[in-house]
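Student: Chain by chain, the residues run as shown.
2 protein chains.
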Amino acid sequence: MTEVIFRAAVRADVPAIVALLADDEFGAAREAVSEEVDAAYWRAFDALDGDPRNTVIVAESAGTVVGTMQLIVIPSLSRRGTQRLEIEGVRVASTHRGAGLGRRMIGWAVDEARAQGCKLVQLTTDKRRVDARRFYESLGFTATHEGMKLPL
Amino acid sequence: MTEVIFRAAVRADVPAIVALLADDEFGAAREAVSEEVDAAYWRAFDALDGDPRNTVIVAESAGTVVGTMQLIVIPSLSRRGTQRLEIEGVRVASTHRGAGLGRRMIGWAVDEARAQGCKLVQLTTDKRRVDARRFYESLGFTATHEGMKLPL
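Which chain is which? The protein sequence lines are A and B, in order.
So for the first sequence, this note's numbering puts the first residue at 1; every next one is plus one.
So for the second sequence, this note's numbering puts the first residue at 1001; every next one is plus one.
Among the hints, a few may not be true.
[What the hints assert, rightly or not] With the Cβ distance kept under 10 Å, some of the chain B side facing chain A (calculated, not the full set):
1) Phe-1045
2) Thr-1064
3) Pro-1075
4) Ser-1094
5) Gly-1098
6) Thr-1124
What the hints contain is simulated information worked out from the structure, not anything from laboratory work.
Don't be surprised by glycine CBs; every beta carbon is placed ideally from N, CA and C.
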């Protein structure tokens, strides 16, 4: 595999990230990709940028964004004051799937969680993505919880 | 039901919140309750306090904390830059269960999500709590996702 680096996203990455979010069987219907990136995406990036507990990560290979995920550090009183890391919005470019990039991304996130003193990593995955559940289980995650959503 | 008010927790609420977290079939084994509240809880509260995207809420009735939950606002690029509200650590005192307090708490959180411009509310609930899933479903949540955890 070509060398891949992981880094925090910068504003100029937003169009590539949006394209990745849409490059997905469910995301295609949920995201808006056009010549001009919708203002809502820029607003969301600006809201995230500078928050030390919210980081959009990109995986870059040969100058191209080929993966993304969002890492959220959540301090919490529960479980004896355990800080947890939540992973959201994991996407790997369709051109780069099946080559172990997702595994390296999650491994990188888990290392980051440890480095930040988190004692728990959590994420939810759509039940329709049966392969995703198996993938996360192979990395040591267990599906102990129901992930419940309420769109407003 | 006695009048209940919802408010952001203050430092002095920490012992009561820890007691609530432990007042639970699974929490009892996970939390440390003693005369002196473990330093980790104070550190966790101090880490949360002042973060505009992290708020521990308490439900107070007649001067006593009878419920708690943590609300986390998560800006995100996915779903067209949708900001979401995550609910963690929901607990109702055993003395106050079955009287609709949980329903009011979640309703309050959903109103708060709307007020903050969130388009999605999410939470995970332990699969062993079968009543909890039904409870959230009755409030409009759907269990579309697997909630996966990796303790470190």
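Student: Could you work out which earlier hints the structure fails to respect and list their numbers in ascending sequence?
Tutor: Result: hints 2, 4 and 5 break, sorted rising.
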